[in-house]
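Assemble the whole structure, with the sequences as input and the hints as a guide.
Top line first, the protein sequences correspond to chains P and U.
Under my numbering, the letters of the first sequence match residues 1 to 359, in that order.
Under my numbering, the letters of the second sequence match residues 1 to 151, in that order.
Simulated from the structure, these hints should not be mistaken for laboratory data.
Quick caveat: nothing in here was measured; it's all calculated off a predicted structure.
You may find that some hints are simply not true.
Cβ-to-Cβ under 10 angstroms is the rule here; a few derived chain P residues that face chain U [unchecked claim]:
| # | residue |
| --- | --- |
| 1 | L16 |
| 2 | G44 |
| 3 | L48 |
| 4 | L188 |
| 5 | S355 |
Glycine is no exception: its CB is placed at the ideal position from the N, C-alpha and C atoms.
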Amino acid sequence: MSKRSIVPFGPQHPVLPEPIHLDLVLEDEKVVEAIPSIGFVHRGLEKLVEKRNFHDYMYVIERICGICSFMHGMGYAEGIERIMDVEIPDRAKYLRTIWCEMSRLHSHLLWLGLLADAFGFESLFMHCWRMRETILDMFEASTGGRVIFSVNKIGGVLKDMDNSMLRTFVDMFDKMEEEVRQLTNVFLKDYTVANRLKGVGILTKEDAIINGAVGPMMRAAGIATDTRKLGYAAYGDIDFDIITGKDCDSFARCEVRINEIFQSFNIIRQAVAKIPEGPIAVDVKGNPNGEAFVRLEQPRGEAVFYFRGDGTQFLNRARVRTPTFANIPSLVKILEGCDFADVPILVLTIDPCVSCTER
Amino acid sequence: MAKITKSPWLLHYDGSSCNGCDIEVLACLTPVYDVERFGIINTGNPKHADIFLVTGGINEKNKAVVKQLYDQMPEPKVVVAVGICACNGGVFKDAYNIIGGVDKAIPVDVYVPGCAARPEAIIDGVVKALGVLDEKQKAFKAAKKQKGATK
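Structure representation (structure tokens):
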């Protein structure tokens, strides 16, 4: 046995936009063990729930993460609506579904770009991010913000998209789909990409279950789980299949996310075709008294929200179990025995969102 | 923009932001905003960097990291605080783990407001930082010359 050495990875690292620290125990070029340490981005915003009015807390919970900010706000709104027994208008449900899928689109394109950057394919990174900007423009046109939207409220949504805007969006998505297809073909067919991803970071079905993986990590291991099938917002009326992979490696995870991009285009089209006319919000009176659990499918996997109120305008407790946190045990598992040079790619294949994890 | 005489390189570090400002910093580097046309490159190495972009507030754990990155950068250097959290703590100001803005750890030269800071605002901040960098460079050279004269 050769001598062991420990290489620190992060918190500041060129491939990571966010700080996470790993102590990598190496034997020659092989990683024997990875010891994660988190907490660089911890702000303590779950505790802030005791200081902010429950309507105002929406603006705090959205800022758990700038990538899935819409879905965090939506999880909070759904939770409080469940506690207070508020039924939101159908149009608001559809609007939430559309914005959710747009968030997933931009998140997956962002991830594809970062992955391309991690294996050194700079121009592919640029193309992914160029396409992502189109979606951000749509967000800006419909909500007013590029990354933080503040468009959810308890009892519905704050802004409406009129039908001509929705039609324009669908036309834009039709055009985009072509372009995205060309782009993703590079990921799926280029041999340099395949060389870096195929057979790297295998997480078997059993390991995925033992380590409690969520989202695309789980689906790439061949297990069909998708919280959207629970039918929150308007997902109950929409027809879609759960996308799974077979090979359990990094390439399968990439493939699953690529297929989910096209699925999102499809869901948006269905939602726009079915969206009913009507109001977008109902008035909410009184304070929340009770507790609620909400499960949502975010781009990175399943997020679980828990809220408890006691009848005052301040909630007692807010708790979020975010998908990246659930995926860290799987990350540690796939890092064991990998090549040192593959570490950045493996860290990226779980699609880490550190600010979600640490809140 | 006439004042750019060299290619300033950026170092980006996420203090404790929500990611919003970080992806906007990265968006500045990608085709739509593309600051690379001015020779600005995002480098991962603090020893190559002239401008330090920090997003998010300072907490107990990252205070030392930000300080260390700042110390590793060669003189002259400029610090840009991107987003309201980096300026004074922003929406998380009252959270128990936030000490405050970036200026609680290192001296800040340019403050970029916004939540999340828009790419245009970030580019504006970087251009302002270039002016500061220029002045610092002159002062640095003058100090060096004086030091040489007294020897």
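Structure-based check of each hint:
1. Interface hint status for P/L16: upheld, as the beta-carbon distance to the closest one in chain U is roughly 8 angstroms, under 10 angstroms.
2. A cut of 10 angstroms between beta carbons decides the hint on P/G44: the least distance to chain U is about 4 angstroms, and the hint holds.
3. At its closest, the beta carbon of P/L48 sits 5 angstroms from a beta carbon of chain U; the interface hint therefore holds under the 10 angstroms criterion.
4. Nearest Cβ of chain U to the Cβ of P/L188: about 22 angstroms, over the 10 angstroms cut. The hint is violated.
5. Because the smallest distance between the Cβ of P/S355 and any Cβ of chain U comes to about 5 angstroms, under 10 angstroms, the interface hint for this residue holds.
Against the hints set out earlier in the document, a violation occurs for number 4 only.
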